[in-house]
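Taken in order, these protein sequences are the chains called A and B. Heads up: the first sequence begins at 1 in the numbering used here, then just goes up one per residue. Heads up: the second sequence begins at 1 in the numbering used here, then just goes up one per residue.
If you're looking for bench data, these hints aren't it; they were derived computationally from the structure. Yeah, the Cβ is synthetic: ideal placement off N, Cα and C, and Gly gets one too. Mixed in with the good hints, there may be bad ones.
As the list claims (entries may be wrong) - Partial list, computed: chain A residues near chain B (C-beta under 8 Å): (1) P107; (2) Q151; (3) H178; (4) R235; (5) A236.
To be verified - Covered stretches of chain B (in silico footprint by chain A; criterion: 3 or more residues with CB under 8 Å from a CB of chain A, positions within the stretch not fixed): (6) 20-34; (7) 39-45.
What the hints assert, rightly or not - Restricting the straight-line Cα-Cα distance to at most 25 Å, the calculated cross-link-like pairs of lysine to aspartate or glutamate (DMTMM-like) are: (8) A/K114 x B/D13; (9) B/K59 x B/E6; (10) B/K53 x B/D13; (11) B/K59 x B/D45; (12) B/K16 x B/E60; (13) B/K59 x B/D29; (14) B/K64 x A/E139; (15) B/K16 x A/E139; (16) A/K252 x A/D210; (17) B/K53 x B/D74; (18) B/K64 x A/D140; (19) A/K252 x A/D207; (20) A/K66 x A/E147; (21) A/K252 x A/E218; (22) B/K53 x A/D136; (23) A/K114 x B/E78; (24) B/K64 x B/E78; (25) B/K16 x A/D248; (26) B/K53 x A/D231; (27) A/K114 x B/E6; (28) A/K166 x B/D34; (29) B/K59 x A/E195; (30) B/K53 x A/D224; (31) A/K114 x A/E147; (32) B/K16 x A/E233.
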Amino acid sequence: MRRRVSRWGRIVGTGAAFALFGLLGVALGLSVYPAAKRCSSDPRVGEFRVQRLVHWTFRAFVRFMKLLGLVELSVHGAERLRAPSARLIVANHPTLLDVVMLGSLMPQLDCVVKREAWSNPFMRGVVTSAGYIPNDLGEDVLAACAERLQQGRRVLLFPEGTRSPKGQLGTFRRGAAHVALSSQAPILPVVIRCEPASLMRGQKWYDVPDEKLRFSIEVGEVLDPRSLVGDREPRASAARDVTRALRDFYAKTLQTLSV
Amino acid sequence: MHAANEIFDWVADVLKQQFQIREEFLRPDARLVDDLDLDSVDAIDLSIRLEEKTGLSFKEEDLKAIETIQDIVDFVHERL
């Protein structure tokens, strides 16, 4: 019985957390974020400011979820995420909260976001003010990511492009490899685990498990993309080598079967 | 490079060398995206190689109409 009650409590808590997230998205997206961006005439400075505010919002949100007993988060190698230089952060994508968890660990983070967010009232404010990159620009998405890395910024990419299929790894696309190779930025591979599996692709938010979600984020060693490819290898081939190396790393670390 | 089989051999060679496509997949009816896993960046690289080799120019709508290796061979063969 106690288990049932606590499960209902968790459903209510999860609902409250999502509602708060949506409300914060609208409220801050309409007020604080755009104002922070306008504070500077240099759009880059404005974006940094907004990204820092997003980081604080995510930190507060993660703390709120911890207080409600919904999640637990353990992080290994967080200091590698905070190095103040260009890093292409790649991660597997098991849950809906991955961006929030990662964002709560880094004060500056550029993300590629679905184009729909620009017409979603909950997200429009934040994605425009923070200067996130819409995902429908074709090869220009890769160029935009590379450009930000060349400016010394952190960029987050999920090589699977979307959330991972349940307990597995999806197909790795080669965009992240192209970005790493063209910008020559170091890759920081991040492994995200969530036990029990929850908030997966196609799962309803209220499909809450009986226990607290235990997130673990493991930040790997910096990887130089050039160390993975030959000197004069054509970029199509080099991108395949880097993508294969990344996928092997994740498959080995997560010990999952490929789909 | 005018005979269709020569064009095919050349395209197959580029796909093998530059795009790491295994020999057994290189059949005329192989679909570039669905069977050979080429993406949009690859399409650009492949069209550049073809332009260098043949002197033809590939417009965006030409690339969109190309689905299989045979489509590339036909495109080049008809224009040379």
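The hints, checked one at a time:
1. P107: Status violated, d = 31 Å.
2. Q151: violated (22 Å)
3. H178: holds (6 Å)
4. R235: Result: holds, 7 Å to nearest chain B Cβ.
5. A236: holds (5 Å)
6. 20-34: With 1 residues in contact (Cβ-Cβ under 8 Å with chain A), the coverage given for the segment 20-34 of chain B is violated.
7. 39-45: holds (count 6)
8. A/K114 x B/D13: violated (37 Å)
9. B/K59 x B/E6: holds (23 Å)
10. B/K53 x B/D13: holds (13 Å)
11. B/K59 x B/D45: holds (13 Å)
12. B/K16 x B/E60: holds (24 Å)
13. B/K59 x B/D29: Satisfied, since the Cα-Cα distance of roughly 22 Å is no more than 25 Å.
14. B/K64 x A/E139: holds (15 Å)
15. B/K16 x A/E139: holds (23 Å)
16. A/K252 x A/D210: Judged against 25 Å, a Cα distance of about 29 Å means the pair is violated.
17. B/K53 x B/D74: holds (15 Å)
18. B/K64 x A/D140: holds (18 Å)
19. A/K252 x A/D207: violated (29 Å)
20. A/K66 x A/E147: violated (36 Å)
21. A/K252 x A/E218: Distance of about 14 Å is within 25 Å: holds.
22. B/K53 x A/D136: violated (31 Å)
23. A/K114 x B/E78: Given pair A/K114, B/E78 is violated - Cα atoms ~41 Å apart, limit 25 Å.
24. B/K64 x B/E78: holds (17 Å)
25. B/K16 x A/D248: holds (22 Å)
26. B/K53 x A/D231: This hinted pair holds, its Cα atoms lying about 23 Å apart.
27. A/K114 x B/E6: With a Cα-Cα distance of about 43 Å, the restraint between A/K114 and B/E6 is violated, given a limit of 25 Å.
28. A/K166 x B/D34: Roughly 23 Å separates the two Cα atoms, so the pair holds.
29. B/K59 x A/E195: violated (49 Å)
30. B/K53 x A/D224: violated (33 Å)
31. A/K114 x A/E147: At roughly 19 Å apart (the allowed maximum being 25 Å), A/E147 and A/K114 satisfy the hint.
32. B/K16 x A/E233: holds (13 Å)
When held up to the earlier numbered hints, the structure conflicts with 1, 2, 6, 8, 16, 19, 20, 22, 23, 27, 29, 30 and fits the remainder.
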